[in-house]
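Novice: Sequence lines, in order, name chains A and B.
Position one of the first sequence corresponds to residue 13 (our numbering), numbered consecutively onward.
Position one of the second sequence corresponds to residue 13 (our numbering), numbered consecutively onward.
Quick caveat, the hints were computed from the structure, so don't treat them as lab data.
One or more hints might be untrue.
Treat identical chains as interchangeable: a pair holds within one or across any two.
[To be verified] Taking lysine-lysine and the DSBU-like style, the derived pairs with C-alpha atoms no more than 35 angstroms apart in a straight line are:
| no. | residue 1 | residue 2 |
| --- | --- | --- |
| 1 | Lys-219 | Lys-348 |
| 2 | Lys-236 | Lys-70 |
| 3 | Lys-129 | Lys-350 |
| 4 | Lys-408 | Lys-25 |
| 5 | Lys-260 | Lys-308 |
| 6 | Lys-350 | Lys-62 |
| 7 | Lys-42 | Lys-188 |
| 8 | Lys-409 | Lys-219 |
Keep in mind that this is a model prediction, so the values were computed, not measured.
Protein chains: 2
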Amino acid sequence: MEQKVLSHIFEAKSVAVIGASRNPEKLGYKILKNILDAGYKGKVYPINPKADEILGLKAYPSISEVPGDVDLAVFVIPAKFVPSTLRECAKRNVKGAVIISGGFAEVGNIELENELKSIIKETNIRVIGPNCQGINNPHLGLNASWPVIKSAGPISIASQSGTFFAALQMWADEDKIGVSKCAAMGNKIDIDFDDLIEYYGEDENTKVIAVYMEGVRDGRRFVKIAREISKKKPIVVLKGGRTEIGAKAVASHTRSLAGRDEIFDAAFKQSGIIRVESLEELYDTIKAFSLLNLPKDNRVLIITSSGGSGIVSADEAELRGLSLPDIPEELKQSLKEKLPDYVILRNPLDLTGNAYADLYRDTLNIVIHNDTYSSFVVIFGDPIEGAADVINEMSKKTSKPILSVYLGGGEIQQIEIEKFRRLKLPVYPTPERAIKALSNLVRYSKYLKTIT
Amino acid sequence: MEQKVLSHIFEAKSVAVIGASRNPEKLGYKILKNILDAGYKGKVYPINPKADEILGLKAYPSISEVPGDVDLAVFVIPAKFVPSTLRECAKRNVKGAVIISGGFAEVGNIELENELKSIIKETNIRVIGPNCQGINNPHLGLNASWPVIKSAGPISIASQSGTFFAALQMWADEDKIGVSKCAAMGNKIDIDFDDLIEYYGEDENTKVIAVYMEGVRDGRRFVKIAREISKKKPIVVLKGGRTEIGAKAVASHTRSLAGRDEIFDAAFKQSGIIRVESLEELYDTIKAFSLLNLPKDNRVLIITSSGGSGIVSADEAELRGLSLPDIPEELKQSLKEKLPDYVILRNPLDLTGNAYADLYRDTLNIVIHNDTYSSFVVIFGDPIEGAADVINEMSKKTSKPILSVYLGGGEIQQIEIEKFRRLKLPVYPTPERAIKALSNLVRYSKYLKTIT
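Generate coordinates for the entire structure from the input sequences, incorporating the hints supplied.
Specialist: The structure is reproduced here in structure tokens:
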């Protein structure tokens with residue numbers, strides 16, 4: 013049931029933009045324009061009583077006068093007009109509404125928000141928002157939000173922050189990973205994390221679910237659904253309000269009850285959720301989940317041209333519970349034949365500043381299938397040309413995850429990083445960030461084992 | 013004494029590149045070319061017995077045949093030739109040597125390295141390296157290393173990793189901050205952290221000292237000097253090898269004795285050193301020190317257009333010991349007059365997604381001189397045009413540090429971030445990174461109070 017409703021929203025065949033405007037300064041113009049710019053193929057109906065045509069489309073004075081069926085209504089009108097218009101939408105059998113308009117509980121208009129809640133109860137219409145930054149599904153070009161993000165990919169986002177919703181999409185775009193379904197949830201008077209996670213769980217384009225959460229309405233249902241979905245797909249959560257000061261700030265942002273952090277922590281663990289501690293770690297982690305298979309366990313070989321990077325990686329790995337097994341004797345023999353004498357055969361394996369792409373290739377060819385290691389962190393700490401090609405080649409030979417780091421590489425660096433992105437290979441700017449991301453893959457892999 | 017020697021190296025009036033080459037594939041070509049490309053104005057003598065001219069400069073068969081005085085010799089020759097040539101340099105009264113050449117203790121050639129040590133003892137010549145990535149002083153264009161970094165600024169670097177030496181410089185360049193004196197120290201058989209910190213401490217272009225350290229030879233002298241210098245300038249240290257696995261990796265990288273981490277930690281605290289936990293935090297912190305004054309204490313006002321960003325900032329602030337005092341009544345009155353009704357007057361102060369540059373300006377004008385706050389974190393979580401201009405204006409009105417965050421801002425974001433950089437205003441990509449950097453300013457400010 014839930015999923016059907018949400019597919020009417022995210023996979024709407026027709027959209028009405030209520031409050032579409034001809035004035036480029038207005039949000040009602042921008043939302044309509046973004047939907048068109050993103051290449052949405054469904055029917056689009058601008059609703060505006062004072063216009064005949066907006067951005068080349070015929071405009072309608074009200075939703076009632078739209079000729080065809082409407083799956084989704086996007087609201088960009090002043091708050092006071094929202095309830096009556098929502099009721100009109102429900103009558104017209106519109107399935108879902110994304111209410112971008114603000115001016116409800118977040119500014120003290122509790123009554124107005126309660127009115128919306130009653131309408132939702134009385135009718136079949138379902139709502140994302142109000143007071144939100146909208147939704148995006150680039151697989152259909154349904155960009156009912158801002159900025160315009162066109163790259164379709166495997167990440168789905170449920171965020172109580174519009175800014176994080178935008179930032180995560182922009183980073184995924186820059187990395188050429190792309191997103192599947194994204195929602196900025198605002199005051200979330202109706203559709204909550206459990207609904208979105210359930211829908212994303214069934215969505216075949218979604219490989220990983222990213223969540224920024226301040227609170228949930230129905231904790232029990234959330235745990236139940238998260239637990240079910242996390243068996244199939246990783247759910248990565250950044251929780252705002254984990255400290256006392258943070259929790260107070262949550263209360264005035266989305267009026268969520270942040271609750272005691274220990275309770276959330278326990279619920280997340282129970283549900284198989286991967287909890288992260290910063291926005292950056294959230295993105296770095298979903299990037300790894302998007303592009304890589306899961307490691308069998310926590311055993312990693314670090315290969316580097318930069319001794320310092322190997323060392324800080326080893327430090328971070330130990331702190332995050334990864335294991336760095338020594339290089340087994342049989343591998344040492346083969347490595348000795350291929351590597352210069354001065355390379356010390358340890359883990360981290362430091363190929364030194366003299367390393368070049370072929371040396372990485374030779375090394376990886378020897379170690380990649382060995383059972384001692386279930387993942388690899390490969391650090392290019394010098395201007396090494398051909399780095400991305402080597403990792404691409406190796407990624408085809410193994411299902412083990414390979415995380416790359418590229419830093420300190422001068423002009424060549426930007427070219428190589430662009431290549432990594434084009435080839436859908438995860439590359440990180442510092443060693444610690446790659447190790448943290450890997451440790452979250454390991455956590456999830458471990459969790460999956462505990463439940464089977 | 014030390015300082016004089018180091019000024020002969022970093023501020024050399026004449027440089028010999030021993031092993032300069034005409035072959036663009038060789039490091040001996042690249043180093044010479046980088047020195048010329050960086051615009052070095054002193055005398056440059058390529059040394060190569062097989063060439064008359066390299067890159068338009070007259071070449072000399074040996075250091076003995078160079079006509080003028082030579083302050084600095086940069087070595088890019090095979091290890092086995094280094095000792096005899098170093099002796100020749102000493103005889104010729106060359107003051108310092110940067111030995112980029114590898115092939116010493118790091119590959120097991122302990123004897124060869126010991127030979128260098130004896131020469132250093134017997135003569136007056138002082139050495140950076142061997143097995144290092146060189147030095148850079150963009151204030152003079154003395155780029156005896158790679159990549160070429162020309163932006164001169166307030167950061168000095170002492171790094172046992174060549175890659176970190178390069179990466180930090182590149183980031184400082186991208187941010188238009190620039191560096192003062194940088195050294196990649198390699199095996200550091202002679203010049204150690206204490207020497208560099210002492211010299212950087214006296215260098216008037218240096219405002220902050222960044223250190224990546226795996227170990228020190230003379231801990232007592234290090235503490236003594238660091239303690240002295242940290243009274244005047246912040247020293248920010250990332251220590252590699254803080255875990256057991258990391259420490260083992262250190263042993264094979266630079267053969268430093270990593271020692272027990274608690275001992276380093278205590279020594280750092282005693283010395284007023286700001287210890288950081290990742291390469292990213294190292295850079296974020298020196299960036300803040302470079303561009304800002306110190307806060308009087310830990311009291312910060314967070315101003316944001318993004319509720320979520322305010323909340324994760326508050327969380328991070330509490331974890332890092334910052335204090336977020338409530339907005340005092342007298343300010344609330346003035347703010348009420350300027351801000352929309354729906355803005356809740358709390359700390360973090362959430363101007364909401366409707367915020368625009370003038371709203372930030374009005375807000376900052378009211379709060380900036382109030383004694384309740386000694387620092388500000390200003391978050392632009394939307395495409396806010398004019399953000400950098402507002403912060404620039406405010407930075408001129410107050411000596412309190414203002415750290416900005418810009419994220420989720422679509423196309424406008426890159427333009428604004430470039431403006432922040434041009435105006436020398438620190439801007440961070442996520443809220444947590446800004447808060448961490450601020451907390452390190454606070455730690456240093458607090459330390460300075462304990463010693464006066």
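Novice: Is it within a copy, between copies, both, or neither that the alpha carbon of Lys-129 lies no farther than 35 angstroms from that of Lys-350?
Specialist: between (69 angstroms within a copy, 33 angstroms between copies)
Novice: With 35 angstroms as the alpha-carbon cut-off, assign the pair Lys-408 and Lys-25 to within, between, both or neither.
Specialist: Neither, since 38 angstroms and 53 angstroms both go past 35 angstroms.
Novice: Could you figure out if Lys-350 and Lys-62 sit no more than 35 angstroms apart (CA to CA) within one copy, between two copies, both or neither?
Specialist: Between copies, since 33 angstroms is at most 35 angstroms while 76 angstroms is not.
Novice: For Lys-409 and Lys-219, with the copy left unspecified, which applies at a CA distance of at most 35 angstroms: within, between, both, or neither?
Specialist: Cα proximity of Lys-409 and Lys-219: one copy only (22 angstroms, versus 49 angstroms across).
Novice: Is it within, between, both, or neither for Lys-42 and Lys-188, if the alpha carbons may be no more than 35 angstroms apart?
Specialist: Answer is both; intra-copy 24 angstroms and inter-copy 34 angstroms each pass.
Novice: At most 35 angstroms between alpha carbons: which applies to Lys-236 and Lys-70, within, between, both or neither?
Specialist: neither (45 angstroms within a copy, 78 angstroms between copies)
Novice: Please work out whether the CA atoms of Lys-260 and Lys-308 approach to 35 angstroms or closer within one copy, between two copies, in both situations, or in neither?
Specialist: Between copies only: 25 angstroms across, 41 angstroms inside.
Novice: Under a CA distance limit of 35 angstroms, which applies to Lys-219 and Lys-348: within one copy, between copies, both, or neither?
Specialist: Neither, since 40 angstroms and 46 angstroms both go past 35 angstroms.
Figure legend: structure checked against the earlier numbered hints; hints not met, in rising order: 1, 2, 4.
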